[in-house]
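Asker: Each chain, letter by letter, is given below.
Protein chains: 2
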Amino acid sequence: MTTVIFPKMAVIGCGLIGSSVIRAARAAGVVGTVAVADASPEHRQAIVKLGYADLVTADVAEAVTDADLIVLAVPVLAMGPAAAEAASGLKGGAIVTDVGSVKGSVADALLAASPDHAFVIPGHPVAGSEQSGPDAGFADLFNRRWVILTPQDRTDTPYQDAVHRLTAFWTALGAQVECMDAGHHDLVLAVTSHLPHLIAYNIVGTAADMEEVTQAEVMKYSAGGFRDFTRIAASDPTMWRDVFVANKDAVLEILGRFTEDLQALSRAIRWGESDKLFDLFSRTRDIRRGIIAAGQETAEPNFGRDRNKP
Amino acid sequence: MTTVIFPKMAVIGCGLIGSSVIRAARAAGVVGTVAVADASPEHRQAIVKLGYADLVTADVAEAVTDADLIVLAVPVLAMGPAAAEAASGLKGGAIVTDVGSVKGSVADALLAASPDHAFVIPGHPVAGSEQSGPDAGFADLFNRRWVILTPQDRTDTPYQDAVHRLTAFWTALGAQVECMDAGHHDLVLAVTSHLPHLIAYNIVGTAADMEEVTQAEVMKYSAGGFRDFTRIAASDPTMWRDVFVANKDAVLEILGRFTEDLQALSRAIRWGESDKLFDLFSRTRDIRRGIIAAGQETAEPNFGRDRNKP
Numbered sequence: 001m002t003t004v005i006f007p008k009m010a011v012i013g014c015g016l017i018g019s020s021v022i023r024a025a026r027a028a029g030v031v032g033t034v035a036v037a038d039a040s041p042e043h044r045q046a047i048v049k050l051g052y053a054d055l056v057t058a059d060v061a062e063a064v065t066d067a068d069l070i071v072l073a074v075p076v077l078a079m080g081p082a083a084a085e086a087a088s089g090l091k092g093g094a095i096v097t098d099v100g101s102v103k104g105s106v107a108d109a110l111l112a113a114s115p116d117h118a119f120v121i122p123g124h125p126v127a128g129s130e131q132s133g134p135d136a137g138f139a140d141l142f143n144r145r146w147v148i149l150t151p152q153d154r155t156d157t158p159y160q161d162a163v164h165r166l167t168a169f170w171t172a173l174g175a176q177v178e179c180m181d182a183g184h185h186d187l188v189l190a191v192t193s194h195l196p197h198l199i200a201y202n203i204v205g206t207a208a209d210m211e212e213v214t215q216a217e218v219m220k221y222s223a224g225g226f227r228d229f230t231r232i233a234a235s236d237p238t239m240w241r242d243v244f245v246a247n248k249d250a251v252l253e254i255l256g257r258f259t260e261d262l263q264a265l266s267r268a269i270r271w272g273e274s275d276k277l278f279d280l281f282s283r284t285r286d287i288r289r290g291i292i293a294a295g296q297e298t299a300e301p302n303f304g305r306d307r308n309k310p
Numbered sequence: 001m002t003t004v005i006f007p008k009m010a011v012i013g014c015g016l017i018g019s020s021v022i023r024a025a026r027a028a029g030v031v032g033t034v035a036v037a038d039a040s041p042e043h044r045q046a047i048v049k050l051g052y053a054d055l056v057t058a059d060v061a062e063a064v065t066d067a068d069l070i071v072l073a074v075p076v077l078a079m080g081p082a083a084a085e086a087a088s089g090l091k092g093g094a095i096v097t098d099v100g101s102v103k104g105s106v107a108d109a110l111l112a113a114s115p116d117h118a119f120v121i122p123g124h125p126v127a128g129s130e131q132s133g134p135d136a137g138f139a140d141l142f143n144r145r146w147v148i149l150t151p152q153d154r155t156d157t158p159y160q161d162a163v164h165r166l167t168a169f170w171t172a173l174g175a176q177v178e179c180m181d182a183g184h185h186d187l188v189l190a191v192t193s194h195l196p197h198l199i200a201y202n203i204v205g206t207a208a209d210m211e212e213v214t215q216a217e218v219m220k221y222s223a224g225g226f227r228d229f230t231r232i233a234a235s236d237p238t239m240w241r242d243v244f245v246a247n248k249d250a251v252l253e254i255l256g257r258f259t260e261d262l263q264a265l266s267r268a269i270r271w272g273e274s275d276k277l278f279d280l281f282s283r284t285r286d287i288r289r290g291i292i293a294a295g296q297e298t299a300e301p302n303f304g305r306d307r308n309k310p
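Chains as they are written, first to last, in my numbering: chain E, 1 to 310; chain B, 1 to 310.
So that you can see chain E by itself, here it is in the shape it has in the complex:
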C-alpha cells in the first residue's frame, strides 16, 4: 500500500512538468491535498478543469501555506522570484524543491530567497516533451526517467530526512533518483540536453533561412532526418531562453568542443578522408544501444512512430 508522504503539496507554475507532477503524485497516492499557484489565468482555468487540485490561485504565498512540499515548476530565471514570493508562507520543515534544467544558479537563488526553517533541495526530473501547458502533462512522464537532486552540503539529520522523503516521493512517481553536485549536473545536462536543444534550434533556423530551398521542400523531404530535430526545436521558448542564460558557461564550453569536432569532420569531408568518417559513424551506434539498454529509449525503428502511419 502506498502511503501519503506529503499531506499537502503546493506546485508553483503548472505547465507540462507541474501538471505531470500533480497527475503522477495523485496516481501514486503520495500526497493529500494539492494547491497550485500559476500566474496565467488560462493555466489556472485549465487546472481547475482538470480537477486535480484542491486550491488554484495566483497567490504563491497562499498556495504554499501549510504545505509540506513545495515544487517550483517555472522557467529557471523565475525560480528565485517564485521562491521569494513563497517565503512568507512557508511553515517550519517545509521542503522547497524545483524542476529546473539548471541547478547551480537556481540553487543559489532558492537558498537566498528561502527562510532557514525550510529545507531547500534543488531537483531536476530529466523528462519532458516538446509540448507545453497543463493539458500536455501526463501521469507516467517520470516513469523510468531519472530525477537528479543536488542537495546542500549538510549532514544534519532533519535535512537528510527531508532528502530521503523527497527521494521516496520521486521513486513513488516511477522515477530513479540520483544525487550529485550542482556544478556537475550543469555540465552533464549541457551535454545531454542543452547542447542538443541549441543544435536543433540552430539547424531548424538555418533550414528556414535558405533561399535556394523552399520551406515547403524542407517539410516534404524532412523524413530524411531533419524531422527528428524539429521535435526538440518545438520546445517552450521561454524555458529554453532561460536555460541558456542561466547555464552560459557550461553550454559555451560544450559548444566549443562540438564546434571543434565539427570542424575536424568538415575537413575530413573536404579532403575525402573517408576512413575518418567511417570510424566516427561506426562508433556512434554503441551509444544508442547503451541508451536502449538503459531503458531510456525505444528499440523500435524511427522511434516507433511508423506504427500508426496513416
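Each statement offered as a hint is correct.
Calculated lysine-lysine pairs in the DSSO-like style (CA-CA distance at most 30 Å, straight line):
| hint | chain 1 | residue 1 | chain 2 | residue 2 |
| --- | --- | --- | --- | --- |
| 1 | E | Lys248 | B | Lys276 |
| 2 | B | Lys91 | B | Lys49 |
| 3 | E | Lys49 | E | Lys91 |
| 4 | E | Lys276 | B | Lys248 |
What the hints contain is simulated information worked out from the structure, not anything from laboratory work.
We have chain E; now place chain B onto it with these hints.
Answerer: Structure of chain B alone, referenced to chain E:
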C-alpha cells in the same frame, strides 16, 4: 484492381531499402517475378529465408537478365560499379533506377555505365530507418513518403513513357513522386538529410569523448534531448560515408551556413542577448507544425514513443 507494371524486377543490393522495395512491390502486386543480387552471403541467406524473391544470386548480370525494372540499392559510391556489372545483362527498354541519397554523381555514373538501349532514371525514396539489412525492411516504409526522380533531359516518348511507368510503380507502393534537377536534389537533401546526419554523428561523438562526463551519465540522462540525435547517428556507416564523399560540395556549403548561424547563437549566449534567443526559439515551432501538416511526422509528443514505455 492493381495490375503488374513490371513483369520482372531485379533488385541489386538488398538491405533495408532494397528489401522494403520488394515487400512493398509484392504487397501492391505490381511486379511479377523478383530477382535479387547481393554480394553478401548473409544477406542472400536472409532474403531466401524471407521468401520474397524468385532468384537470389551474387551475380548482378544474372539477376538483371530479362528484367523490366532494375533497382540499384547499394551505397552511393557502389552504384556506378553495380550499373557496370548489370550492363551486359540488360535487355532493350529496361529501366535502370536507384535509391541513392545523392543524385548528381550517381546519375553521371549510371549513365556512363549503362547501354543506350536501357532507360536510366535516377531516383531517391526519402524514407528509411536507423536499422540496416534485409530483415529491417517493411512493406509500408514508403507509404506517404516522397520519392524524388531526377530524369534525364529527354523529351522522346519512349523515355517519357518509362518515367511514367516508374512513377506509377512508386505511387502503387504508397509514395508521392516529384521530379527535379539532380543538382537541386543534392542541395535540398543536404539540408533535410545529410546535414542532420552529420550533426547527429558529431554530437554523439563529442559526448562520447568527454572526460568529465561518463558515457553512463550520457546514457542515463539522454531523455533530456540527446537521445533524439542518437537515432540517426545509428544509421549505416558505409552508406553515410559514401553520401558525404559523393555530395561534398553541397554538404560543405550547408555546413558553412549552419556554422555561421551557430556562431551567432553562441555570441548571443555569451552576451546574454536573450531576445535573440527567444526569437529563434519561437519561430522554429512553425516548421514542425508544417511537417506534421504535410503528413511527414506524428503529432504525438516524444514521437509517441512513450506509449509503449515499460
